[in-house]
Amino acid sequence: MKVILLADIDRVGSRGSVVNVKPGYARNYLFPRKLGLEATKAQLEQLESIKQQLASKQAKITKRLTDFASRLGLVSVKTTIKMSQEGAFGSITNADIAALLAAEGHEIDKHSIVLTEPIKAPGVYDIPIKLGHEVSATVKLWVAEEPA
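Per the UniProt record's numbering: the sequence shown = residues 1 to 148.
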């Protein structure tokens, strides 16, 4: 029996896929739990229209994120870090970088900023930012030394 899955089911298939299952499994497990629908011609046509709508929405979102990433790639932010002879008095974290970008007018979630480790030395850094939908951008961060 052909069934359209409404949820991800282990060893059967993923949401939105059309799978062939035994009739008893469909009638006794999938249908009562609202995990699947019988794959009639009308249901399959409706599924295709929904998939097309989702694909167009995803394309619009990806385009907006790509445009934002290209604008964000031109951004360069500057900050200072207090230094002594022993080293830095602190570090610059992804939350600090998010605050610097917010001051420039770009609201970025601190969890989107990818730092392998906090910045503890002056210099120029390329900071990767994951925007979602496999779109990422890179921002230049200029860190100057501030004497303690």
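Please keep in mind that the hints were generated in silico from the structure rather than gathered at the bench.
For glycine and all other residues, C-beta sits at the position ideal for the given N, C-alpha and C.
Wrong hints could be hidden among the right ones.
Unchecked claim - With beta-carbon atoms standing in for the labels, derived distance ranges: (1) S49 x S91: 47 to 53 Å; (2) K2 x S56: 25 to 31 Å; (3) L74 x D8: 36 to 42 Å; (4) W142 x V114: 35 to 41 Å; (5) A102 x D67: 17 to 23 Å; (6) K110 x G73: 15 to 21 Å; (7) F89 x S56: 50 to 56 Å; (8) S49 x P118: 23 to 29 Å; (9) A55 x V114: 23 to 29 Å; (10) A55 x S112: 23 to 29 Å.
What the hints assert, rightly or not - 27 Å max Cα-Cα, derived DSSO-like pairs, lysine-lysine: (11) K82 x K57; (12) K60 x K2; (13) K63 x K34; (14) K2 x K63; (15) K110 x K78; (16) K130 x K120; (17) K22 x K34; (18) K63 x K41; (19) K51 x K130; (20) K120 x K60; (21) K120 x K110; (22) K34 x K78; (23) K130 x K78; (24) K34 x K60; (25) K82 x K51; (26) K78 x K140.
| query | Are the Cα atoms of K63 and K34 separated by 27 Å or less? | reply | violated, 34 Å
| field | Hint consistency between K22 and K34 [alpha-carbon to alpha-carbon, up to 27 Å] | value | holds, 16 Å
| said: A range of 15 to 21 Å was offered for this pair. Does it hold for the Cβ distance of K110 and G73? | reply: For K110 and G73 the Cβ distance comes to about 19 Å; the hint holds.
| message | Need the status of pair K82, K51: alpha-carbon distance at most 27 Å? | response | With a Cα-Cα distance of about 53 Å, the restraint between K82 and K51 is violated, given a limit of 27 Å.
| message | Between the alpha carbons of K110 and K78, is the straight-line distance 27 Å or under? | response | Measuring from Cα to Cα gives roughly 17 Å; hence the hint holds.
| When you take the CB atoms of A55 and V114, is the distance between them in 23 to 29 Å? | holds, 28 Å
| query | For the pair supplied as a hint, K120 and K60, is the alpha-carbon distance within the 27 Å limit? | reply | violated, 39 Å
| field | K51 paired with K130 [C-alpha distance capped at 27 Å] | value | It holds: about 26 Å lies between the C-alpha atoms, which stays within 27 Å.
| Restraint status (C-alpha distance of K130 to K78 at most 27 Å) | Between K130 and K78 the Cα gap is close to 20 Å, so the pair holds against 27 Å.
| query | Can the suggested window of 23 to 29 Å be confirmed for the beta-carbon pair S49 and P118? | reply | With Cβ atoms ~49 Å apart, the hint is violated.
| said: K34 and K78 were given as a pair; does the straight-line alpha-carbon distance stay at or below 27 Å? | reply: violated, 54 Å
| task | State, for the Cβ atoms of S49 and S91, whether the hinted interval 47 to 53 Å holds or is violated. | result | Hint holds: Cβ distance 51 Å, inside 47 to 53 Å.
Taken one by one, the earlier hints fail for this structure at numbers 4, 8, 11, 12, 13, 14, 18, 20, 22, 24 and 25, listed in ascending order.
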